[in-house]
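**Student:** Protein chains in written order, with this note's numbering: chain P, 1 to 248; chain E, 249 to 496; chain B, 497 to 744; chain Z, 745 to 992; chain C, 993 to 1240; chain X, 1241 to 1488.
Derived from the structure by calculation, the hints contain no laboratory data.
For each residue, glycine too, the CB sits at the ideal point set by N, CA and C.
Take the hints with a grain of salt, since some may be wrong.
[Stated by the list, open to error] Counterexamples of contact, computed for chain C against chain Z with all Cβ distances above 12 angstroms:
1) M993
2) V1006
3) P1025
4) E1041
5) R1046
6) L1047
7) G1069
8) D1093
9) R1198
10) S1211
[Said to hold, decoys possible] Listing some non-contacts, in silico: residues in chain X with all C-beta distances to chain P over 10 angstroms:
11) M1241
12) M1246
13) I1249
14) L1295
15) E1325
16) E1336
17) G1342
18) E1385
19) D1428
20) E1435
21) S1448
22) S1468
23) S1472
[Said to hold, decoys possible] 25 angstroms max Cα-Cα, derived BS3-like pairs, lysine-lysine:
24) E:K405 with E:K496
25) E:K438 with B:K680
26) C:K1004 with X:K1488
27) E:K250 with P:K12
28) B:K680 with E:K496
29) C:K1240 with Z:K934
30) P:K222 with P:K184
Number of protein chains: 6
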Amino acid sequence: MKYAEMTAIELKNVSREETLVILPIAAVEQHGPHLPTGTDEMICTAVVENVEERLKEKVVLLPTLWLGASQHHLRWGATLTCRVENYETLLCEICESLLNDGFRRVMILNGHGGNIGPMQIALRRLQVDFPTCQLMAASYWSIAEDEIASVMEGNCKTVGHACEAETSLMMHLRPELVDESLLKNCDDYKLDMLEGVYLCNDMFQRTSQGATGRPDLASAQKGAELFSRIVSRVTEVFQTVQILPLPK
Amino acid sequence: MKYAEMTAIELKNVSREETLVILPIAAVEQHGPHLPTGTDEMICTAVVENVEERLKEKVVLLPTLWLGASQHHLRWGATLTCRVENYETLLCEICESLLNDGFRRVMILNGHGGNIGPMQIALRRLQVDFPTCQLMAASYWSIAEDEIASVMEGNCKTVGHACEAETSLMMHLRPELVDESLLKNCDDYKLDMLEGVYLCNDMFQRTSQGATGRPDLASAQKGAELFSRIVSRVTEVFQTVQILPLPK
Amino acid sequence: MKYAEMTAIELKNVSREETLVILPIAAVEQHGPHLPTGTDEMICTAVVENVEERLKEKVVLLPTLWLGASQHHLRWGATLTCRVENYETLLCEICESLLNDGFRRVMILNGHGGNIGPMQIALRRLQVDFPTCQLMAASYWSIAEDEIASVMEGNCKTVGHACEAETSLMMHLRPELVDESLLKNCDDYKLDMLEGVYLCNDMFQRTSQGATGRPDLASAQKGAELFSRIVSRVTEVFQTVQILPLPK
Amino acid sequence: MKYAEMTAIELKNVSREETLVILPIAAVEQHGPHLPTGTDEMICTAVVENVEERLKEKVVLLPTLWLGASQHHLRWGATLTCRVENYETLLCEICESLLNDGFRRVMILNGHGGNIGPMQIALRRLQVDFPTCQLMAASYWSIAEDEIASVMEGNCKTVGHACEAETSLMMHLRPELVDESLLKNCDDYKLDMLEGVYLCNDMFQRTSQGATGRPDLASAQKGAELFSRIVSRVTEVFQTVQILPLPK
Amino acid sequence: MKYAEMTAIELKNVSREETLVILPIAAVEQHGPHLPTGTDEMICTAVVENVEERLKEKVVLLPTLWLGASQHHLRWGATLTCRVENYETLLCEICESLLNDGFRRVMILNGHGGNIGPMQIALRRLQVDFPTCQLMAASYWSIAEDEIASVMEGNCKTVGHACEAETSLMMHLRPELVDESLLKNCDDYKLDMLEGVYLCNDMFQRTSQGATGRPDLASAQKGAELFSRIVSRVTEVFQTVQILPLPK
Amino acid sequence: MKYAEMTAIELKNVSREETLVILPIAAVEQHGPHLPTGTDEMICTAVVENVEERLKEKVVLLPTLWLGASQHHLRWGATLTCRVENYETLLCEICESLLNDGFRRVMILNGHGGNIGPMQIALRRLQVDFPTCQLMAASYWSIAEDEIASVMEGNCKTVGHACEAETSLMMHLRPELVDESLLKNCDDYKLDMLEGVYLCNDMFQRTSQGATGRPDLASAQKGAELFSRIVSRVTEVFQTVQILPLPK
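In isolation and in its complexed conformation, chain P is listed as follows (with noise of 0.2 angstroms):
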């Protein structure tokens, strides 16, 4: 189901407790060369879709919230963001609408990895105050992650930014978007985690063309084979999650 082509008179009569409301996120920012800056905003959209229309009765989808706490891609230009304090706030106040009408089983599912910490805080921020409701969060990837590891030919086995997996996804869903001529092996990216310590570098630091992994091997076909097993996966953890018991 979704829930912007529902009536509120259907949304009335769909289950508070058994029904898994899904909020996906993305972002809209520098892809580097050669993704359009939507990229995480449509593969997020095309998953969660194609989830939905395979669980259509257990499910209610949300139209996806397009905006990311991208604050770390700003000096790459051509980027929209939040700062992450308010981004939190934000989507602390759309599941407190789903909250607040009754729903007891709300997933933020998300496409954008500067959205993990802020989606994960923003969930313990509500949870004080609904603590009866089954909050949850989740990155496809972080669903997905056998599935995309192992399609991934590059030495990067998980989704980066604007990378082999992004590459190759955005080839499949959106191939006139996406500048071929651009892709280059970008495989020199630092990681945010050195010996177990957290280094705090934006994109500008971490990347010399905004862009991770090695998009050069990203090919149209990798890219449907990792959709439909993102798909597949998403929608069995879907299944698993929206019968877990409520917490007390």
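Given the coordinates of chain P, work out where chains E, B, Z, C and X should sit on it, guided by the hints.
**Tutor:** Quick look at chains E, B, Z, C and X alone, frame taken from chain P:
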């Protein structure tokens, strides 16, 4: 041009002085018994995407912020919202991303009545720091006031909430989402202005069904007519404001 | 009744259901070359005190909050202000004091254009927590629109800033504070609405002298006429809203 | 000079280095059974207007901010207030308007005990950004401590709340607003300091009648004497601080 | 009892009505040329730990919050601080943890002058929500005023900043951290009260060396004497307030 | 070097470019039936003070901020905390004091799981304003992950809450504070990640006794071993990051 479909390189090449950047904002909230909660988002996006097509090289269109300031609908349920003051902040933050990136002409195009106050105040908050930028905001119905009035049959000649106009527009744009069996005369709603006084009542107090005006007079044909006139007029006006001299 | 002149015991005996509590708000800000900065405060207070005299047992009048949301005048200097968002909070707090004390009918009577947005939003912020109270706001000129228009000679038939109306009112109320040698035609100001679009410019950009309309057409006699009509009309309208059924 | 009575041109000609700008602050709150809620505002305004008359060319007097930090009176009812932290912000904003306009000497003159903490903290918040301005705050009774003590008959020799001093001052300034039939000995109130410890109790806990000291010893004559001594002393002290070297 | 050394079970068994919970607060900030930045923290902790030893079963002592409101020292460098308004919030939060856990008697024991305002305001902010709890705050020198005065030799008979008293106390408590070669007469500092007026200057403006009073008169022996008298007096006073009737 | 033990003069002489400034943060919160609430603070402080001793001239150690983000323990009682968003602000403020004083390398060393999110977000909030400083954060267990794992016997090989590791460390550091009679197998706790999904449950929901892992396998000897390995590893890693090139 669509912001989310452009790469950072493409965006860097856009003229900061001349381009009109458009941020469409809407709402996802109860829309009476017959319209989907996403009505405002769907209409606003359809209008603005059609306008963008006609003004391609002159505007950069952001994706629609579907979240609106909708606290006055909360008692009807089926409403996603944000505190009014936080909504102002959210609009400020998105616009700041653009203004700090050098854009000088920003237009918020609105599709939800409850956003008018916060969007104007957001611009006032920004204007102090960006006095030499042209900060603008409009609802599609304030721009196309006469065009809309000329099509409407009910007493109310402007766009209300889940009214003759919105229902017609949705019957034109997304007929499958309109529950035509529930179209009724909703002309019993109470205005928020009485003898020059603003009466701050919520939609639960002002309407008997969460809708206003004459949805029963709506038709797909009327919707097509409205849509075409709105798009033409908004296009015209955007052409006008896009060449206004920048403020000093 | 005047709140500040009553003891706690007297205030305790006032009917919470029936009494209309009035909070007058204004501004102290530059008013062109010819009017004192306190113009809005002086006019608003004079109006509301005269209204109170005629409705003695039905209203409780608070002292005038002279501070307004006047950031758009800052570049002219001689302006006291508050950030717009903090002004909303301030109005909320004062009204909350009243609402928590049991009063059910609160009217903000405004004398400064820049306060219209924030005062309406303040009421929206409050309405969520006090849905069964009648929260109201008006500018004296929105109530007495026709009465004012009938007296004005210039093209602009409503109250602007340091304009024909305000200058006349001050020549009537505090003639010694008006510098008549500097009364000029200020009809070159730019409106903030153009073709249905809100252009967020400040008063430094919209006026050449910090004033609008036709101060040169002002006269004490016109001021007396305006004042008398405004007071009568506001009195009438307050009588009407004071007996409105309370919302549920 | 009175800020609100001056035009922008007149204010522009005032010396930023030498002029002392005075912001009077007070409260509108319950004042026991016998005094009007506006007591603090009326006394403070009367004092400061008399001082201004004696120092005309040396000071610029703002209108009195009648709102105070009065949460500790709320349980008595008949009290208008603002959260303490927001009151600090409000004072900061008004002073910032002045400091950004170039004024270098700002004095908050206070007439309500509950404002002492917030007004000092407001100045501390401002001092970080305006270190070369002389930011000052005083209650009229801290300046005229000895003068007041010399007139008082009760044990308490300073200004309390609705006490011998305030009642006398009101009997002098606005006798028609004092309910003399209710003047009682209120000397049972509990101080907020005990053995060097601040006990944070509200006025409902500290007083049995919402008043302190010996209103029963009050007289109009004593009020006249107090008023004259306070005005003289405040005038003297303002002359002193007005020529203090500015900080670096 | 020491909060941090107790298990949750032990804490659960402590009487909520009778126990005095003590939150010591201090500062880490420049302390002139001769004292370590942690001076306030070290003295305050030493005092309060000695007091706790004498009142073991009657009090629960929290660890010292070393952070203080020290913005007025920033221009001297070597200072850790928090905005004043955020310091208030921080104190509120810690106290709320205790009050929500049922404790009814909370005492903030302070060791830094700059904290007096914020700690009192923090309690005022809390008192509105916890009116039946006894919220208290004191600086060790306000409690032991006479005891301290009787030992001091310089003109200033109370505790200033890096003064005769603090230097003596540190020579007693942590002699190895005092640079005795730099002890000088610092009696040139300017008070923040002049003729009853609060002059908001920072320590860079008020002192020539970041210190006050007569560090040159300090001695370890005097420190021992001061320490012993302070501890005795604070112990006595805590015994008194621990049995005060709780407010209603 | 220890910040709190140094004078302002000594601190002024420390190299801003090369010195690593360390802010240890922890928590005071319920730690199951057997450990004191100050466990995190005691362990973290012991670790970091030992590290400081080995790196004396290269680091400046601040005192430990004992307060943590512990709202998820509140339902167990015996917990001091701060709202998560305010905890972020608090960390920002302390770090800003250092960064504005010129220090270029700041490391938050954490000893409480609940602080990981907020500390990383605090650095992200700061990085926008201090891009050329190296802002770092780590938990002692993320640095010494392998060393800790090699000592642990239970299934969980990392530091949980009141677990085998923390209990052993406390039996080594402060044996008198451990209630050994209550050491139990607490391996029934629920992780906050399930199939790649973050489940936001509090500790009341995730543990049956407020503790995790195998406290029953703890021993002082294991604690000594853990402590020594942790200190060595943290020392090594701090040496590494202390010479990282500063970001641009």
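**Student:** Does each hint hold? Answer for all of them.
**Tutor:** Cross-check of the supplied hints:
1. M993: holds, 20 angstroms
2. V1006: About 21 angstroms separates C:V1006 from the closest Cβ of chain Z, which puts it past 12 angstroms; holds.
3. P1025: holds, 21 angstroms
4. E1041: holds, 19 angstroms
5. R1046: Non-interface label stands for C:R1046: nearest chain Z Cβ at 17 angstroms, farther than 12 angstroms.
6. L1047: Label holds. Min Cβ-Cβ 15 angstroms, cutoff 12 angstroms.
7. G1069: holds, 15 angstroms
8. D1093: holds, 19 angstroms
9. R1198: Its Cβ does come within 12 angstroms of chain Z, the nearest being 9 angstroms, so this is violated.
10. S1211: Check passes; 25 angstroms lies beyond 12 angstroms.
11. M1241: holds, 20 angstroms
12. M1246: holds, 25 angstroms
13. I1249: It holds; X:I1249 is separated from chain P by about 31 angstroms at its closest Cβ, greater than 10 angstroms.
14. L1295: Consistent with the label, X:L1295 stays out of reach of chain P, its closest Cβ about 15 angstroms off (over 10 angstroms).
15. E1325: violated, 6 angstroms
16. E1336: holds, 14 angstroms
17. G1342: X:G1342 clear of chain P: closest Cβ-Cβ about 18 angstroms, beyond 10 angstroms.
18. E1385: violated, 6 angstroms
19. D1428: holds, 15 angstroms
20. E1435: violated, 5 angstroms
21. S1448: Consistent with the label, X:S1448 stays out of reach of chain P, its closest Cβ about 12 angstroms off (over 10 angstroms).
22. S1468: holds, 17 angstroms
23. S1472: Given a closest Cβ separation of 13 angstroms, the condition holds.
24. E:K405 with E:K496: violated, 38 angstroms
25. E:K438 with B:K680: violated, 43 angstroms
26. C:K1004 with X:K1488: Violated, because 52 angstroms separates the two Cα atoms, which is more than 25 angstroms.
27. E:K250 with P:K12: violated, 36 angstroms
28. B:K680 with E:K496: Holds. B:K680 to E:K496 sits at ~24 angstroms (cutoff 25 angstroms).
29. C:K1240 with Z:K934: holds, 14 angstroms
30. P:K222 with P:K184: holds, 17 angstroms
Consistency with the previously given hints fails for numbers 9, 15, 18, 20, 24, 25, 26 and 27, ordered from lowest to highest.
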